[in-house]
Structures are given as C-alpha cells and as structure tokens.
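J.: In case you want the letters, here they are:
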Amino acid sequence: MKKSLGTVAVAAAMALSLSACGGSGSSAESAKGEISYWLWDANQLPAYQQCADDFTKANPDIKVKITQRGWDDYWSTLTNGFVGGTAPDVFTNHLGRYGELAENKQLLPIDDAVKKDNVDLAAYNEGLADLWVGQDGKRYGLPKDWDTIGLFYNKSMLAKAGISEDQMKNLTWNPQDGGTYEKVIAHLTVDKSGKRGDEAGFDKNNVAVYGLGLNGGGDSSGQTEWSYFASTTGWSHTDKNPWGTHYNYDDPKFQSSIDWFAGLVKKGYMPKLESTVGAAMADTFAAGKSAINAHGSWMVGQYTGYKGIEVGIAPTPTGPEGKRASMFNGLADSIWAGTKKKDASIKWVEYLASAPCQDVVASKAVVFPALKASSDKAAAAFKAKGVDVTAFTEHVKNKTTFLYPITDNTAKVKGIMEPAMDAVVSGKQPASSLTEANNQVNALFK
Amino acid sequence: MMTTLTKNPAARSDQRPARPGRIRRGGLRRYGDLKIALFFIAPAMIGFVLFYVVPTIRGIYLSFTEYNILGDPEWVGLDNYAAIAKDPLFWNSLAVTGQYVLMNIVLQTALALGLALLMDRVAKSTLVRGALLLPYLMSNVIAALLWFWMLDYQIGIVNQFIEWAGLPRVAFFGSEEWAIPTQALINTWRHMGYTALLIFAGLQSIPQHLYEVAKLDGASPFQTFRKITMPLLRPVLVLVLVVTVIGSFQVFDTVAVTTQGGPVNATRVIQYYIYQRAFTESDFGYGSAIAVILFLILALVAFIQMKFLKGNESDLD
Chain A
1 MKKSLGTVAV AAAMALSLSA CGGSGSSAES AKGEISYWLW DANQLPAYQQ CADDFTKANP
61 DIKVKITQRG WDDYWSTLTN GFVGGTAPDV FTNHLGRYGE LAENKQLLPI DDAVKKDNVD
121 LAAYNEGLAD LWVGQDGKRY GLPKDWDTIG LFYNKSMLAK AGISEDQMKN LTWNPQDGGT
181 YEKVIAHLTV DKSGKRGDEA GFDKNNVAVY GLGLNGGGDS SGQTEWSYFA STTGWSHTDK
241 NPWGTHYNYD DPKFQSSIDW FAGLVKKGYM PKLESTVGAA MADTFAAGKS AINAHGSWMV
301 GQYTGYKGIE VGIAPTPTGP EGKRASMFNG LADSIWAGTK KKDASIKWVE YLASAPCQDV
361 VASKAVVFPA LKASSDKAAA AFKAKGVDVT AFTEHVKNKT TFLYPITDNT AKVKGIMEPA
421 MDAVVSGKQP ASSLTEANNQ VNALFK
Chain B
447 MMTTLTKNPA ARSDQRPARP GRIRRGGLRR YGDLKIALFF IAPAMIGFVL FYVVPTIRGI
507 YLSFTEYNIL GDPEWVGLDN YAAIAKDPLF WNSLAVTGQY VLMNIVLQTA LALGLALLMD
567 RVAKSTLVRG ALLLPYLMSN VIAALLWFWM LDYQIGIVNQ FIEWAGLPRV AFFGSEEWAI
627 PTQALINTWR HMGYTALLIF AGLQSIPQHL YEVAKLDGAS PFQTFRKITM PLLRPVLVLV
687 LVVTVIGSFQ VFDTVAVTTQ GGPVNATRVI QYYIYQRAFT ESDFGYGSAI AVILFLILAL
747 VAFIQMKFLK GNESDLD
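Line by line, the protein sequences give chains A and B.
For the first sequence, position 446 (counting from the first letter as 1) is numbered 446 according to this note's numbering, and the numbering increases by one without interruption.
Add 446 to a position in the second sequence, counting from 1, and you land on the number used in this note's numbering.
Do not take every clue at face value.
Distance condition first, Cα-Cα at most 30 angstroms in a straight line; then the derived DSS-like pairs of lysine-lysine [said to hold, decoys possible]:
1) Lys-756/B with Lys-414/A
2) Lys-323/A with Lys-169/A
3) Lys-342/A with Lys-253/A
4) Lys-105/A with Lys-267/A
5) Lys-169/A with Lys-65/A
6) Lys-532/B with Lys-428/A
7) Lys-532/B with Lys-412/A
8) Lys-428/A with Lys-414/A
9) Lys-570/B with Lys-446/A
Hints were generated in silico from the structure; no laboratory data involved.
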C-alpha cells in the first residue's frame with residue numbers, strides 16, 4: 001500500500017513536470033522540422049505568413065509556425081518561455097528589450113552565420129544593422145523594419161481653419177512660445193461654442209476639438225509624445241547611444257520642452273491626461289476630437305483606414321537648431337539561445353531579412369522594411385493606396401533621425417519615468433521634478 | 447478549519463474511548479488507519495505541497511536574493527528588505543491598498559448583509575436569489591473591462607448620462623481621486639452577491655425558535671436583529687470578513703486590465719507593484735520580498751480578526 005502510494009506520487013509529479021516542459025525533444029542543430037516564430041503586430045501577420053509559405057516552398061524540410069501575441073503579453077510570455085523551455089525558436093525583438101536578453105544569454109549570436117552566408121549589412125537603411133550588435137560586440141539579430149514619427153492631421157478641419165497643407169509641411173517649434181506649431185494647434189482647437197483657441201473668449205474647460213491629441217505621458221522614451229520636438233533642441237535621452245549609462249532628464253533643454261508640452265494641456269489645446277485612460281488616441285482622432293495626432297509610421301494603416309475622415313501626414317516641426325527630429329526605431333528577428341533547431345532558425349532569420357521576404361512585406365504597405373530597396377517599394381505601395389508617406393521617409397533621407405535609447409535596465413527606467421512623466425503632463429508637478437526621477441534612474445547604473 | 451481541529455478529539459472520543467496514539471499495543475491498527483488516511487489525503491496533499499508549500503518556501507528564499515529569473519539567484523541577505531523600507535513606492539502601495547480594502551470591505555459587507563437579510567425574509571424565489579450571484583459568475587477581467595468601457599471618459603455610456611444630466615464628465619479611471627474608489631466599487635458590485643450568499647447561509651443556520659421566542663417577548667425587529675441575528679451570525683461574519691479582507695488585499699486583475707498602476711501612482715496597489723517589480727522589471731528577489739511582507743501582513747490581519755472577533759467560537763453551543 002505504502003509503496004503504491006509512493007508510486008502514485010512519483011507518477012503524478014512526473015506527469016506534472018512532463019507537461020511543464022513539453023514541446024522539446026528533437027535533435028539539436030537540425031535544419032529540418034518545424035520552427036516556431038512569434039510576432040506582436042497583428043497587422044503584419046498576413047505579410048509574414050506569406051513569407052513563411054514562400055520559405056517552406058523553397059525549403060520543403062522546414063515548416064514555420066507563426067504565433068501572434070499582443071504587445072502587452074508578448075514579453076512576459078516570452079520570459080516565461082525562456083525559463084520553462086518553451087520559448088519560440090525565432091521571435092521579433094525590440095530595441096528596448098534586447099539588451100537585457102543578450103546580457104542574460106538568451107539570444108544566439110549569429111555573427112558566424114552572417115559572415116558565412118555573406119549577408120550584405122550595407123543594404124539596410126543606415127544604422128539599422130549596427131543597432132543589433134550588443135555590448136559584447138556580438139550580433140543578436142538582423143533588421144526587419146523601421147519606423148519614424150509624423151503628424152497625422154484631419155484635412156477638413158485644416159481647411160475649415162484656413163490652414164494650408166504647405167503651412168503644415170513647414171512648421172517650426174521652440175520651447176519658449178511653441179513657434180508656428182503652437183499657433184496652428186491653437187487655431188485648430190475649437191470650444192463648444194465654436195470659438196477657436198487663439199480667439200478672445202475661448203473656453204478652455206469646454207473644448208470640442210483639441211488641436212493636438214494626447215497618447216499619454218510618454219514614460220521613458222516619449223517616442224510619439226515628446227521626443228520629436230524635445231530632441232530638436234539638441235537634447236538626447238542618454239550620454240551616448242547605444243549603450244549609454246547616463247540619462248539626461250535633468251537637462252534644462254528637456255525640462256523646458258516638457259513644460260511647454262504640459263502647458264498645452266493647461267491652455268486647453270491638448271486633452272487632459274486623465275481623459276486619455278481608455279479609448280486609444282487614434283480612435284479619438286477618428287471620432288473628431290483632435291485635429292493633429294503625432295504618431296508612428298506603423299499607424300499609417302489605421303489612420304488612413306477610418307471611413308469618412310480624410311487624413312494627411314505632415315513631417316514633425318523644425319526645431320530651434322533648424323532641423324527636424326524623429327526617433328528611429330527598428331525591429332529585428334532574433335534567435336533564442338535555447339533553440340533545438342539552430343540551423344533552420346538561422347535560415348529563417350536570414351530569409352526574413354532578405355529581399356524576397358522584405359519585398360512581400362513592402363507590397364502589403366503596412367510597415368517600412370529595413371532593406372533600402374524594399375523601403376522604396378513600400379513607399380510606392382503606400383502611394384498606390386493613395387497615401388503619401390514622405391513625412392516618414394524624409395527623416396531617413398535627410399538623416400534627421402536619432403535612435404531609440406538602448407541601455408541596460410530599460411524596464412526599470414520605464415518603471416521610474418512613467419509615473420514621473422504622468423505627474424508632469426497632468427500638471428501635478430513641474431518639469432523640474434524630473435531631476436529627482438533622473439537621479440533615481442542614474443542610480444540604476446552605479 | 448480551526449474549529450474542526452480543536453473539536454475533533456472531543457467529538458471522536460465516544461467512538462474510540464482510548465486515544466490510539468498513547469497505546470502501543472494498538473500500533474498496528476493505527477498504522478493501518480494511517481495508510482488509508484494518507485491515501486485519501488494524498489491528492490490534496492500533493493497539490494498543497496507542490497503548488498503552495500514549495501512555492502512559498504522558494505518565494506521566501508528568493509526574497510533574500512537578487513534574481514532576474516534568467517540567471518541564478520544571488521544571496522544578498524536582508525538587502526531587499528532594507529531597500530523596501532526606504533522605497534516610497536512600497537509605502538504608497540500600502541496606503542493605496544489600504545484605501546481600497548477599507549472602501550471595498552465596508553461597503554461590500556454592509557450591502558451583502560442587507561442583501562442576505564432580504565434573501566432570508568423577502569426574496570424567497572430561487573430566481574431572484576440566483577440573479578444576485580450573476581456578477582460573481584463573470585470573470586474579474588471581464589467585469590473590469592465591461593466597466594472600463596462603460597465608464598470611459600470619452601465614449602462611455604455612464605459619462606453620456608452624466609452629461610445629459612448637465613454635469614461635467616468624470617474621468618473615473620483617469621483621475622487620481624476617482625481611480626481607487628471606482629475600482630473598489632466595481633469589485634464590490636461583483637462580489638457582494640457571493641458574500642451575501644455566504645451570510646445568507648449563516649442566517650439560515652440560526653434556529654427559527656429563537657425568533658419565535660423573541661416575537662412572543664415583544665421584541666422589535668431592530669432588537670431581534672441586534673440581540674439575536676448579529677451575535678449568532680458572528681462566526682459566519684468573521685469568516686466572511688477574513689476571506690474577503692484577504693481577497694481584497696490581493697486586488698490585482700482589475701488594476702492590471704484598466705489603469706496599470708496609474709494615473710501617476712494612484713492605483714499602484716501592492717499586488718500590482720509586486721508584479722511590476724518581478725515580471726516587468728525582472729527583479730524577482732525584490733518582488734518576492736514584498737510578497738513575503740504582504741503574507742505577514744495578511745497573517746497578522748487574519749489573526750487579529752479571529753482573536754478579537756472570536757471567530758472560532760459560536761454562541762449556539
């Protein structure tokens with residue numbers, strides 16, 4: 001009896017541990033079988049499914065199983081997968097995350113394969129390939145796409161306000177009075193009785209249409225919220241990029257930019273932060289509650305897809321130093337260090353980064369592929385759909401981009417900066433309070 | 447659980463006059479019982495050990511380490527606890543959780559008691575009684591999302607009504623003042639039917655003849671409630687309070703699917719802060735240490751409730 005009880009317990013424990021690490025068990029380094037691939041953007045799924053089908057046609061021994069997971073669950077599920085041994089062989093990687101993954105030895109360096117297979121790193125848009133070389137000098141991914149920031153605007157609201165599209169293309173900005181950018185935003189703001197933001201008697205507490213939409217406080221990167229104007233002052237997030245070790249949220253140039261931003265809320269030109277919890281910024285734009293939204297190029301499909309609204313895209317404003325600025329973010333495909341199918345995974349990553357796949361992605365006009373030639377094809381595909389994307393591509397052409405800040409501790413930096421930025425944008429704290437947050441951030445690097 | 451433990455030896459004593467543990471000659475029979483007992487306990491025991499005891503011990507161990515889940519835990523002694531004592535976000539999370547628990551429990555218990563009395567006296571139809579449970583049958587996440595949309599600042603139906611009534615829109619989730627009360631109310635709405643059901647069960651166990659006697663003696667309904675219902679309901683109420691307070695302290699899902707700690711830090715409740723430190727910021731040692739502190743707080747709260755409300759004694763005995 002006792003013995004059999006023990007057996008039951010052991011059997012139960014085994015069943016549990018077996019189910020916990022299911023999915024493994026084929027030979028290492030194989031170039032055959034099924035590999036798993038994860039991405040988070042549902043809009044891009046059809047393009048990559050097409051790539052996977054083409055890939056299997058060319059390599060009948062390898063099948064690719066694509067799983068799409070929303071951004072909110074993506075990273076925690078991935079981390080659990082690393083620990084539990086169920087992570088995908090290949091996955092879409094983000095600049096804000098890969099530093100920590102590489103440091104914890106979860107990514108497979110692919111230098112040898114890239115060299116052996118003669119992948120031409122110069123064919124990618126400038127800087128994109130270098131982003132994926134870690135602090136240890138090893139390559140952890142091949143670039144797949146890039147994005148920049150632009151101003152989406154409601155054409156009919158602009159026409160009603162008497163603002164020409166040429167004016168939109170030549171906006172200027174400075175942290176003191178906001179330049180012509182603020183003038184346009186003010187003029188596009190309309191209160192419930194029809195008074196514009198720059199007219200006498202404007203009621204800032206009863207606004208019907210805000211000149212500028214608000215996505216949120218922007219946490220540590222401010223990618224679409226404030227980085228596009230704050231960086232025109234010559235400010236940058238970190239001392240160097242990639243792999244900076246000191247953040248600059250205490251810089252007066254940055255703080256005066258953020259004071260201007262928070263000032264828009266006080267003046268009634270931008271919605272209160274509290275009203276942005278819930279409905280997405282793009283949807284409120286579609287509902288006619290804002291005239292201009294600063295957003296990323298990955299949103300083109302969504303903004304131009306709304307029925308009944310004519311959308312134009314203008315480049316971000318020119319700053320005090322006479323230049324525009326946009327964050328330049330790029331994704332890449334990385335291989336999990338624990339993959340059982342190393343060779344097949346490398347093949348797939350190289351295929352994803354090659355012209356045949358990136359041209360497929362370009363043809364779907366959802367995102368800009370990393371290869372220069374494919375980028376041009378994507379711009380043409382957008383044009384064929386009636387969307388002018390020069391606002392995004394000219395940042396790359398004129399080299400007015402700066403890189404997404406790549407450092408260690410990015411999750412912790414975000415954890416500190418998110419509430420700090422929210423407090424400033426909601427008007428509870430002045431921008432000078434960011435100096436204290438900056439001290440906390442920099443203490444992480446000691 | 448405690449009641450059964452203290453009562454069992456006495457209850458069993460008439461079946462088996464000699465306590466088997468003391469008599470060596472009865473050892474063989476006792477051993478046979480043990481095997482069968484183990485057999486029946488085993489399924490629960492395996493689950494308990496695997497899913498509760500082992501993780502708890504491991505969590506306590508991890509609280510003394512620096513651990514980012516992908517590397518190996520590194521022993522740092524009491525460093526995490528020292529850092530937590532100086533962490534304003536930890537103290538903020540305690541205060542926020544305290545506010546939430548207070549609002550949630552006071553309101554929920556009062557409403558549930560009222561509902562239970564109605565179920566006992568007025569609403570005798572199973573349909574009506576069942577309807578009270580409906581919100582509880584919904585998953586927490588669904589309930590939270592449902593209200594998240596209905597209370598949305600821009601497109602929520604509730605704000606539409608508020609505007610029609612000529613009042614200014616309310617940022618239920620977006621403003622620091624409203625965020626915690628809103629979530630406390632949502633969870634009150636979801637849980638009060640279930641809590642009412644527990645209290646209702648307690649009400650049903652009060653012998654009817656006591657009420658008849660009280661009626662004969664000319665007691666007013668309020669007197670009956672105060673002198674008979676409340677004292678006899680006490681053990682059930684204490685149990686309900688212990689369970690709901692512990693549950694309330696662990697509020698997480700509502701926050702996670704709506705405000706995620708914001709605006710600023712207004713809803714960064716303790717469980718969400720643990721999750722943020724451990725799973726978002728990969729600081730599992732620090733997260734475990736806060737979890738251990740929460741565990742101690744809850745143990746203390748449960749102990750105080752049992753001790754001072756005499757939850758393990760019934761006035762019916």
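J.: Hints first: check each against the structure and report whether it holds.
T.: The hints, checked one at a time:
1. Distance hint between Lys-756/B and Lys-414/A is unfulfilled; the C-alpha atoms sit about 47 angstroms from each other, more than 30 angstroms.
2. Distance restraint check for Lys-323/A and Lys-169/A: the Cα-Cα separation of roughly 13 angstroms lies within the 30 angstroms cut-off, and the hinted pair is therefore satisfied.
3. For the suggested pair Lys-342/A and Lys-253/A, the alpha carbons sit about 47 angstroms apart, so the restraint of at most 30 angstroms is broken.
4. A C-alpha spacing of about 49 angstroms is found between Lys-105/A and Lys-267/A, which places the hinted pair above 30 angstroms, so the restraint is violated.
5. A hinted pair counts as satisfied when its Cα atoms are at most 30 angstroms apart, and Lys-169/A with Lys-65/A does not qualify at roughly 43 angstroms.
6. Distance check on the hinted pair: Lys-532/B and Lys-428/A sit about 23 angstroms apart at the alpha-carbon level, within 30 angstroms; holds.
7. Of the pairs offered as hints, the one joining Lys-532/B and Lys-412/A holds, with about 17 angstroms between alpha carbons and a cut-off of 30 angstroms not exceeded.
8. A distance of roughly 19 angstroms separates the Cα atoms of Lys-428/A and Lys-414/A; the hinted pair therefore holds under the 30 angstroms criterion.
9. For the hint pairing Lys-570/B with Lys-446/A, the CA-to-CA distance comes to about 67 angstroms; that exceeds 30 angstroms, so the pair is violated.
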